[in-house]
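Peer 1: Taken in order, these protein sequences are the chains called C and X. The letter at position 65 of the first sequence is residue 65 when you use the working numbering, and the numbering goes up by one with no holes. The letter at position 211 of the second sequence is residue 211 when you use the working numbering, and the numbering goes up by one with no holes.
These are computed hints drawn from the structure, not numbers from a lab. Misleading hints may appear alongside valid ones.
To be verified - If you want the footprint, here are the derived chain C segments under chain X, 3+ residues with CB under 8 Å:
(1) 24-36
(2) 51-57
(3) 60-72
We put the CB at the ideal spot given by N, CA and C, even for glycine.
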Amino acid sequence: MTLTGTLPTIDKEIDARGSFCPGPLLELIRGVKSVPVGGTVAVLSGDPGSNKDIPLWIQKARHEYLGAFAEDGYTRFVVRKAH
Amino acid sequence: MPTPREILVLGGGVGGTVVANLLVRELGRRQAHVTVIDRTGRHVYQPGWLYVPFGGPPPKRWERPERALLSRKVDLVVGEAQRIDRAGHVVQMADGTRYPYDDLVIATGAHLAPETIPGYAEAAHHFYSPEAAVRLRDALEGFQGGKVLIGVADIPYKCPPAPLEFTFLLDEYLRKRGIRERTEITYLSPINRVFTIESVSTFVTPLLEERGIQHEEFFNTESIDPVAKTVTSMEGTELGFDLLVLGLVERQQVVLAGSEDRCVGCQRLPLAIVDGADVDGESEVRPGRLHLAVREEQARHNPGLLLGQGCTAGHVLPLAESGEEHRGARQADGRRVIRVYAGFTDRVHPARAVLSNDAR
Numbered sequence: 001m002t003l004t005g006t007l008p009t010i011d012k013e014i015d016a017r018g019s020f021c022p023g024p025l026l027e028l029i030r031g032v033k034s035v036p037v038g039g040t041v042a043v044l045s046g047d048p049g050s051n052k053d054i055p056l057w058i059q060k061a062r063h064e065y066l067g068a069f070a071e072d073g074y075t076r077f078v079v080r081k082a083h
Numbered sequence: 001m002p003t004p005r006e007i008l009v010l011g012g013g014v015g016g017t018v019v020a021n022l023l024v025r026e027l028g029r030r031q032a033h034v035t036v037i038d039r040t041g042r043h044v045y046q047p048g049w050l051y052v053p054f055g056g057p058p059p060k061r062w063e064r065p066e067r068a069l070l071s072r073k074v075d076l077v078v079g080e081a082q083r084i085d086r087a088g089h090v091v092q093m094a095d096g097t098r099y100p101y102d103d104l105v106i107a108t109g110a111h112l113a114p115e116t117i118p119g120y121a122e123a124a125h126h127f128y129s130p131e132a133a134v135r136l137r138d139a140l141e142g143f144q145g146g147k148v149l150i151g152v153a154d155i156p157y158k159c160p161p162a163p164l165e166f167t168f169l170l171d172e173y174l175r176k177r178g179i180r181e182r183t184e185i186t187y188l189s190p191i192n193r194v195f196t197i198e199s200v201s202t203f204v205t206p207l208l209e210e211r212g213i214q215h216e217e218f219f220n221t222e223s224i225d226p227v228a229k230t231v232t233s234m235e236g237t238e239l240g241f242d243l244l245v246l247g248l249v250e251r252q253q254v255v256l257a258g259s260e261d262r263c264v265g266c267q268r269l270p271l272a273i274v275d276g277a278d279v280d281g282e283s284e285v286r287p288g289r290l291h292l293a294v295r296e297e298q299a300r301h302n303p304g305l306l307l308g309q310g311c312t313a314g315h316v317l318p319l320a321e322s323g324e325e326h327r328g329a330r331q332a333d334g335r336r337v338i339r340v341y342a343g344f345t346d347r348v349h350p351a352r353a354v355l356s357n358d359a360r
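The shape of chain C in the complex, shown without the other chains:
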């Protein structure tokens, strides 16, 4: 589901537009590795595959999914590192 509205605070944002699945997911995984627990990471993706694999990974890795925010031609996926 894509959300609109106020974005959460983002500590680290990665622009993965132009990268194809699973590039944005791998970018997000690296991003989550690099922030402290409690930090938020956003990845920008234009690949439709991200709608499926990013939320799946966040659930599997037990982090907090803050949502997918629709932008012009891409989506901003936001996650909070939970552990």
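Let chain C serve as the given structure and place chain X on it in line with the hints.
Peer 2: For chain X alone, kept in the frame of chain C given last:
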């Protein structure tokens, strides 16, 4: 008559060698004088190391003198490049020698970074260096059955299909030795399928299952306990092993350290990443674009400079590239460089320069 362009190629791997040979072949001496600078003077065909653990040809078999692979029209300098001075158009060597250039091709490849995963050096095997491949061969010779885990230590890693290829080769090897039924093989994938390309994944997954090879998805290695012989993922899964084989993370070559620079056109794309700077993600220089797009953009903004595949894909994006992509990219590299200087005929196969040596 115009002076020939001075073209320097850093690195005598497959990419650097192919590009250098293509340049002299297509441009001729009147248009270009090409020099390859290589650290060792030995050309190594790295994909051959995959077969070493299973009793294949020893690592030396996959080496050639770089001189023998280069066209006679290409000069070879054996030595260590230390710094690139882009403003001055000079490459400085460790011994102080300076090589000026009009155009520079950086094909230094990537280096391995086992230190990024705690416990890796003590407990994990790989086949990304001749020494490691021989160590793994010895470990396999003494292996009498147990749990084998195969995966990647971190992303990016060299040659995406290599761990899968290794898995199938291991299955066959253990069957021949009659110890397959005493061995549990599990393939670990960092994403939610066994391979990055979905169609390949769909094809390969049943092949794994037919052979009784288990697979665990979303397994991004976090740490290894060499004493307990367990490996833990970022996703919280802990698995035990008797033998652990993990593809290694790669980083930018040290030659580029200190040469960090931004694209003169967009001020955004990195021309080089300081060695290790992106290990913790703090030095955010990755533009987050598909490597081919990056390379095209680099070429457009920086007509005097070309980065080889190992220098970009693995570092600009967390997606490493396979040999097949390498081949395509090198074709593109060679052709693009040549297009800059001369009308290019599309007939030269870049791999020929390397393959012809084996065929002789």
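Peer 1: Need the list of violated hint numbers for this structure, in ascending order.
Peer 2: none
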